[in-house]
Amino acid sequence: MKNSIKILLVLVFVSLFFGKEAWAQNSLQTQINAAPVGGVVKLKAGTYRERIVINKPVVVEAEGVIIHNCSSKPAITITGKRVRLRDIKLVDCLSGKNSAAISISGSGHQLHNISVTSEKIALKLKNVQKSKFENIRIHGQHKENGIDLWQSEQNLFQQCEIKNVQDGIYLENSNHNTLIKNSIEHSRYGVHVMFSDHITLKQNTSTKNVTGAMIMGVKYAEIKENQLIDNQQNVNAQGLLLYDVHHSNIRDNTISHNRLGMYIEDSSSNTIIQNKVEANFIGTQMKKMTKTIMEENAFIANVNVIQATSSRENQIQHNYWDGALTLDTDGNHKSNIAFKADPYFLTLTSETPPYQLFFQHPGLVLLQKMLKSPDEMLVTDQEPLMTSDWQKNVQVKSEKRSVLLLSLLLITGSLFLLYIGRKKI
Amino acid sequence: MKFSIVKQSVLIFSLLFLIAGCGKTDYKPAAINEKTDKCDVCHMAVKDDGFASEIILENEKTLKFDDIGCMYKWKSENKDEKIGNSFIKDYQTKKWLEVEKASFVYDKSIKTPMAYNVIAFGDKKAAQDFIDKNSGELLTADDLGSHSWERNKAMMEEMKKKMNMNMNH
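In the order they appear, the protein sequences are chains A and B. Note that our numbering has the first sequence beginning at 1, numbered continuously upward. Note that our numbering has the second sequence beginning at 1, numbered continuously upward.
Be a bit skeptical, because a hint or two may be false.
[What the hints assert, rightly or not] List of simulated lysine to any residue pairs, SDA-like, C-alpha gap at most 20 Å: (1) K38/B - K44/A; (2) K287/A - K47/B; (3) K181/A - V235/A; (4) K126/A - G84/B; (5) K61/B - E172/A; (6) K47/B - G96/A; (7) K287/A - E81/B; (8) K288/A - K111/B; (9) K35/B - L348/A; (10) K38/B - G96/A; (11) K97/A - K61/B; (12) K288/A - K108/B; (13) K143/A - E81/B; (14) K126/A - K61/B; (15) K61/B - K143/A; (16) K38/B - Q151/A; (17) K94/B - N98/A; (18) K35/B - P354/A; (19) K143/A - E185/A; (20) K79/B - K126/A; (21) K47/B - K42/A; (22) K38/B - V235/A; (23) K47/B - R312/A; (24) K38/B - K181/A; (25) K288/A - G50/B; (26) K288/A - D49/B; (27) K35/B - K181/A; (28) K97/A - K111/B; (29) K208/A - H43/B; (30) K97/A - G50/B; (31) K108/B - Q151/A; (32) K208/A - S76/B; (33) K111/B - G80/A; (34) K143/A - D80/B; (35) K35/B - Q203/A; (36) K61/B - K181/A; (37) K38/B - N234/A; (38) K97/A - T25/B; (39) K97/A - H43/B; (40) K75/B - E185/A.
I should point out that these hints are in silico values taken from the structure, not numbers from a laboratory.
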């Protein structure tokens, strides 16, 4: 009996200290090292407690592999060229200022279907070129950025889901990067671009953040078809902020239910076209914006629509303003009455923010009319649109429905009358 | 209980001095609230780190900046505003310093939130130690007035060139 207990204890000891997780022959690093350059390595499924380095062109398939990392150093370090890594899950148990869960440098890498739960920067890219990141799921603790780029160019980030981080995707000094169909929520800034040119943001969704997208020190950006929604939980919350942005194209975005829809400052030569700015507390605010084309945008149900200060040489026309008095005498779907927005409320509240409590108060409206701002301070759209494209679609649909209903009613009525008439005969 | 003219005069003058003394405001920096404070120039969130700076206006309104470069940009654009005092965080100790009494280090390699590349030290020796260990130029508050405050685009251009060279090799 005593011997069997001893054997059992030895077995438990062996399994604890020499099990799969720590056994050198089965370690992830050993499996990766054994793969030839350009080869494919399928890692054995299981939970591992080790850090790995991939520094040669190799395809690593890691379905069912979970790495638990309780070190301040990265769980995975990728260097060199053409590393492909897919289907791995990382769980970090330590935080560390500026440390990363996955540290990447080099070029031509592809990461697919990676899940990271960490207080650290989930993916830290330094000098990374021509790499692709797809289906990356990041769950943070609001301490560090989700994906952090420094001097990295021509990379693609697609369908990544990022939650509870500092900045969802942070780019600094990183040109020619493309972000498509990513979703970021409950973070500080969804996308934060600093001093990076030729950036493309397309079809991304940024919700419930302090700022949906913060674009600063940027030239030649394409910001298209993004959904910047519900960024209103913070006193400084906003959908889109452009600061020192030039020669960029902001098109077809939906910017709705934010505290402030769009804020544009120190920016020039941009085109802002066909965006839907809806149900924000302040629709759009512009300061020192010059040589910008703002056309065919729809401003719907914003408490305060638009304000501009120190802005000049802008072409603001053919937008839809739901609060505008409109009259179309020549049938060109454009109003003959100009729309003018007075910066009175926002000038008043910029010095004393608590006055925001009196927004739309009848007394203030009266004061605004009495103390009308000079013409050069007003945002003027000489020919506002009679309807926005979105409204047109809704109208056409509802018109079709009512025609169908009316026809059905008439047919039923006629049949009923016919039936009654026949009975009498 | 009648006061002599001399006594009355002394009392009045003392009261006047007391009132004049009360009028001198001692401007103090306000604590940074990372959740709600944003830079009054670039609109980024202000972190309670070694880069934050503040201006307290004579009307006691507080302006906060995430980078001392933003503070000097504000000063150059608002020359008519009356400034009570301005403060900056010590890069190492993270304590508030009066800008006029601090020492500064500028170097292209120093990363700051808005890439103005200037940091502050309460102790001149600490600033010199930083320069000895890394690199940089020692500046006083007076020097900052004539500093160019160019965001470090030169550094970025150099980096771009290096990266292009690496990519071509």
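Right, here's what the structure says about each hint:
1. K38/B - K44/A: violated, 48 Å
2. K287/A - K47/B: Between K287/A and K47/B the Cα gap is close to 24 Å, so the pair fails against 20 Å, i.e. violated.
3. K181/A - V235/A: violated, 27 Å
4. K126/A - G84/B: violated, 43 Å
5. K61/B - E172/A: violated, 32 Å
6. K47/B - G96/A: The given pair, whose Cα atoms are some 17 Å apart, holds under the 20 Å limit.
7. K287/A - E81/B: Distance of about 19 Å is within 20 Å: holds.
8. K288/A - K111/B: violated, 27 Å
9. K35/B - L348/A: Violated, at about 25 Å.
10. K38/B - G96/A: violated, 25 Å
11. K97/A - K61/B: Answer violated: K97/A to K61/B is near 33 Å, above 20 Å.
12. K288/A - K108/B: violated, 28 Å
13. K143/A - E81/B: At roughly 37 Å apart (the allowed maximum being 20 Å), E81/B and K143/A break the hint.
14. K126/A - K61/B: violated, 41 Å
15. K61/B - K143/A: At roughly 30 Å apart (the allowed maximum being 20 Å), K143/A and K61/B break the hint.
16. K38/B - Q151/A: The given pair, whose Cα atoms are some 26 Å apart, is violated under the 20 Å limit.
17. K94/B - N98/A: Roughly 18 Å between the alpha carbons, so the hint for K94/B and N98/A holds.
18. K35/B - P354/A: At roughly 18 Å apart (the allowed maximum being 20 Å), P354/A and K35/B satisfy the hint.
19. K143/A - E185/A: holds, 14 Å
20. K79/B - K126/A: violated, 41 Å
21. K47/B - K42/A: Violated, because 44 Å separates the two Cα atoms, which is more than 20 Å.
22. K38/B - V235/A: holds, 10 Å
23. K47/B - R312/A: Answer violated: K47/B to R312/A is near 33 Å, above 20 Å.
24. K38/B - K181/A: Outside the cut-off at roughly 29 Å; violated.
25. K288/A - G50/B: Outside the cut-off at roughly 30 Å; violated.
26. K288/A - D49/B: Answer violated: K288/A to D49/B is near 29 Å, above 20 Å.
27. K35/B - K181/A: violated, 28 Å
28. K97/A - K111/B: holds, 15 Å
29. K208/A - H43/B: holds, 18 Å
30. K97/A - G50/B: Given that 20 Å is the threshold and the Cα spacing comes to 14 Å, the pair holds.
31. K108/B - Q151/A: holds, 16 Å
32. K208/A - S76/B: violated, 36 Å
33. K111/B - G80/A: Not OK: K111/B and G80/A at ~26 Å, beyond 20 Å, violated.
34. K143/A - D80/B: violated, 39 Å
35. K35/B - Q203/A: violated, 28 Å
36. K61/B - K181/A: Given that 20 Å is the threshold and the Cα spacing comes to 42 Å, the pair is violated.
37. K38/B - N234/A: Answer holds: K38/B to N234/A is near 11 Å, not above 20 Å.
38. K97/A - T25/B: violated, 39 Å
39. K97/A - H43/B: violated, 24 Å
40. K75/B - E185/A: violated, 36 Å
Checked against the numbered hints above, the structure violates hints 1, 2, 3, 4, 5, 8, 9, 10, 11, 12, 13, 14, 15, 16, 20, 21, 23, 24, 25, 26, 27, 32, 33, 34, 35, 36, 38, 39 and 40; every other hint is satisfied.
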